[in-house]
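Trainee: One-letter residues, chain by chain:
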Amino acid sequence: MSRPLPTHRLGYAVGSEDRGYLNSAGLDPRLMLKAAREFKPSLNVNTHPMVLFDPLNQGNQGACQGHALAMMFTICYFLLTGRVEMFSRAAAYYWSQQEDGIRGDRGSTLSGGRKVAAKGLPLESEWRYPSRYDPREPAGIQNRRRFKLVASKPTQDIEQIREALDLGLPVQDGIIWDASVSRTLSTDYRGSGGGGHSTTLWTKKDDDYRRINSWGMWDGDGCNENTPRSLKQQVEHRYSSHVIYAPEGMIYPDLAPVNLI
Amino acid sequence: MVRFDFAGVRRYVCFALLVAGLLAGGSAFPDDAVTFSTVIAAEQDETCERIGSWTIIPAGVEFKLQKIGVVRIDDQESSYAVKARKSLFELADGISEPEPRIFVIEGNGKYLVEVMRFNSRTGAIYSDEGVIDLGDEVPDPDEDDDEDDEEDDPDPPVPDVDVANKMGVGKIAYRLAPRNDAKTLKQYQAIYKQAADFLYGIPTLKFVSSSNSAHASDPNRSVIAWLNQEYEKTQCEDEETCKAWERWRLGVADAINKGQASKSYLKNDWYDAFNEVSSALGAVK
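Top to bottom, those sequences are chains A and B. Once you know that position 7 of the first sequence is 7 in our numbering, the rest is easy, because the numbers rise by one and skip nothing. Once you know that position 261 of the second sequence is 261 in our numbering, the rest is easy, because the numbers rise by one and skip nothing.
Derived from the structure by calculation, the hints contain no laboratory data. Be aware that one or more of the hints could be misleading.
Derived pair list, reagent style DMTMM-like, types lysine to aspartate or glutamate, alpha-carbon separation capped at 25 Å [unchecked claim]:
#: 1; chain 1: A; residue 1: Lys204; chain 2: B; residue 2: Asp197
#: 2; chain 1: B; residue 1: Lys166; chain 2: A; residue 2: Glu99
#: 3; chain 1: A; residue 1: Lys119; chain 2: B; residue 2: Asp74
#: 4; chain 1: A; residue 1: Lys148; chain 2: B; residue 2: Glu99
#: 5; chain 1: A; residue 1: Lys119; chain 2: A; residue 2: Glu99
#: 6; chain 1: A; residue 1: Lys40; chain 2: A; residue 2: Asp207
Simulated restraints, written as ranges between beta carbons of each label pair [said to hold, decoys possible]:
#: 7; chain 1: A; residue 1: Arg132; chain 2: B; residue 2: Ala253; range: 43 to 51 Å
#: 8; chain 1: B; residue 1: Leu112; chain 2: A; residue 2: Lys40; range: 35 to 43 Å
#: 9; chain 1: B; residue 1: Ala164; chain 2: A; residue 2: Leu185; range: 13 to 21 Å
#: 10; chain 1: B; residue 1: Asp133; chain 2: A; residue 2: Ser125; range: 42 to 50 Å
#: 11; chain 1: B; residue 1: Ala182; chain 2: A; residue 2: Gly220; range: 21 to 29 Å
#: 12; chain 1: A; residue 1: Met217; chain 2: B; residue 2: Lys183; range: 40 to 48 Å
These numbers come from a predicted model, not from an experiment. Backbone N, C-alpha and C fix where the C-beta goes; we use that ideal spot for every residue, glycine too.
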C-alpha cells in the first residue's frame with residue numbers, strides 16, 4: 001500500500017545544471033553496460049542495501065547531490081572490493097558547489113559532482129559532514145583525494161537505466177521532487193511544482209526499483225520503491241538527469257589485508 | 001576501522017574505460033613513455049642494477065638466472081594500469097610493481113602486455129602494448145612450497161587429487177582437513193560456499209570489512225563475523241578432532257593472508273578464495 005512520505009531538505013540546483021558538460025564528459029552508457037554484463041558473478045539486486053551501511057542524513061543543508069555522490073563512491077567501492085567505506089559528504093557537496101560556482105547553502109549539480117568524482121574524494125573520517133553549512137576545508141584535505149570514480153553521460157533511455165540497475169550498478173538522479181515521488185511506493189511520477197532533489201537508485205524490491213534517500217530513516221529504512229512505470233516517467237522527464245556510476249575504472253589506494261580471524 | 005597503507009597508490013583503469021574514452025572523444029595513442037623488455041635477472045646482487053628485489057645482470061656475469069619481463073613507465077603525471085595476458089581470458093599471475101612505474105612479469109609463457117595511462121590534467125588517454133616472451137610454458141612441478149605445514153600436519157593425507165589452488169588456499173584446505181569427521185567437513189564445505197555467495201547477495205548481502213566497527217562485528221552484515229559465528233556453532237566429535245579443525249582453520253586463514261600479501265583482494269578474489277576452500281573440502285574422501 002503506498003502512502004505519502006514527508007519531504008525534507010532538497011538541494012539539486014536543477015537551474016544551474018551544466019547539461020553541456022554533462023553530455024560531453026563521461027562514458028557512453030552502452031560501454032559501461034557492456035563491461036558490467038561481462039562481470040561475473042552478477043549481484044543479486046533483490047537484496048536490501050541497508051545491511052551494508054546506515055542511511056545518510058543531509059540534515060538542514062541542501063546537500064542532497066553531495067550525499068548521493070558520496071553514496072555512489074560507497075556502492076562502487078563495495079562492488080569492487082567487498083569493503084564498505086563512507087566518503088566525505090562535506091567534500092562532495094562543497095567541492096561540487098565550487099565547480100558549479102554556487103555560493104551559500106543553495107545546493108549543487110550533477111555536473112559539479114561529476115567533476116568532483118573525477119578529481120577525487122576523501123573519506124568521511126577525513127572531512128566530516130558538519131551539522132551546519134560550513135565549506136571551510138580541513139588543512140591538507142586536497143592531498144586526500146585518493147578515490148576517483150568514472151560516470152556515464154546522462155541518459156534518458158529507460159532501458160539503459162533499467163539494465164544498469166538490474167546489473168547492480170548504482171544510478172545518481174537529479175529530478176523535480178514532488179508528492180508523486182515522495183511516497184512509500186511511487187507508481188506514477190508527475191514532476192511538477194517541486195524543487196530539485198538528487199538521490200541514489202540501487203537494488204530492487206521484486207520488480208520495483210529502490211531509491212536510497214539522504215533523509216535518515218525516511219520510510220523506516222531510508223528508502224522507498226518506484227514501479228517500472230514511475231521510473232520510466234522520472235527518467236524521461238525533461239528536467240531529469242540520470243547518471244550511471246560503475247566500479248570499473250575506480251581509482252583507490254592499496255588495500256590493507258583483512259584478517260580472516 | 002579499516003586502515004589503508006597510503007604510502008603506495010595503485011591505480012586500475014579498465015580496458016572498457018579506454019575503449020569508452022575513445023568513443024567519448026578521448027584520444028589514446030602510444031608515446032615513448034613506456035618500454036617493454038625481456039631481461040635476465042637474479043635476485044639480491046649488490047653490484048648490479050636493482051629493481052625492487054630483482055637484479056639486472058650485465059652480460060658476462062653469471063648468477064642463478066631467470067628470465068623476467070620489465071615494463072617501465074616514464075610518465076610521472078598520469079595514472080596508469082598494466083595488464084599482462086596469456087590469452088583473452090587468462091591474465092598473468094606473476095606481475096608485480098616492485099618500484100613505482102616499473103612492473104616485473106615472471107613465469108614461463110608469452111604475454112601481451114597492455115599499459116593504459118590517463119592524464120587527468122590534459123584529459124589524454126595513452127595506450128601501449130608490447131609482447132614479452134619468457135620462453136615455453138613448462139608444467140608446474142608438483143610443488144610443496146609450504147614445507148612448514150609438515151610440522152602442523154602430523155598425518156599428511158595421500159595427495160592424489162587435483163585440487164584447485166589459484167588463490168593459494170585450495171591445497172592447504174585439502175591437506176589439513178581432518179579425514180575422520182565427514183559431518184564437520186560437509187558443514188564447512190557448505191559454510192564457505194555460502195560465505196562466497198553472501199558477497200553477491202545470495203540470499204542476502206554481506207561485506208568483507210567496514211569502516212563502521214559495530215557493523216564489522218555483526219554477523220548479519222559481515223561475512224567474516226558470520227564465518228566466525230559458524231565456527232563457534234560447529235561441534236566436533238572429540239577434542240583431538242577439534243584441535244585438528246582448529247589447525248585447519250588457522251592454516252586456511254594464514255593462506256588467505258599470504259594471498260593478500262602478494263595481491264590485494266578484490267571482491268571477486270574473496271569469492272574465489274572462499275569457493276576454493278569449499279571445493280577443496282568437497283574433494284576430500
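Trainee: Confirm or reject each hint.
Mentor: Structure-based check of each hint:
With a C-alpha separation of about 18 Å, the suggested pair A/Lys204 and B/Asp197 falls inside the 25 Å cut-off, and the hint holds. The straight-line distance between the Cα atoms of B/Lys166 and A/Glu99 is roughly 46 Å, outside the 25 Å bound, and the hint therefore fails. Note on A/Lys119 and B/Asp74: the hinted pairing holds, with a Cα-Cα distance of about 22 Å set against a maximum of 25 Å. Using a Cα cut-off of 25 Å, the hinted pair A/Lys148 and B/Glu99 holds, with the two alpha carbons roughly 23 Å apart.
Of the supplied pair hints, the one linking A/Lys119 and A/Glu99 holds, its CA atoms being roughly 11 Å apart against a limit of 25 Å. Between A/Lys40 and A/Asp207 the CA atoms are separated by roughly 22 Å; this keeps the pair inside 25 Å, and the hint holds. Roughly 46 Å separates the CB atoms of A/Arg132 and B/Ala253, a value that falls within the hinted 43 to 51 Å. Range check, B/Leu112 to A/Lys40: about 22 Å between beta-carbon atoms, so the 35 to 43 Å window is missed.
Restraint check, B/Ala164 to A/Leu185: a C-beta distance of roughly 45 Å breaks the suggested window 13 to 21 Å. A hinted range of 42 to 50 Å holds for the C-beta pair B/Asp133 and A/Ser125, which are about 47 Å apart. Distance hint check for B/Ala182 and A/Gly220: the Cβ-Cβ separation is about 45 Å, which falls outside the suggested range of 21 to 29 Å. In this structure the supplied range 40 to 48 Å holds for A/Met217 paired with B/Lys183, their Cβ-Cβ distance being about 43 Å.
Figure legend: structure checked against the earlier numbered hints; hints not met, in rising order: 2, 8, 9, 11.
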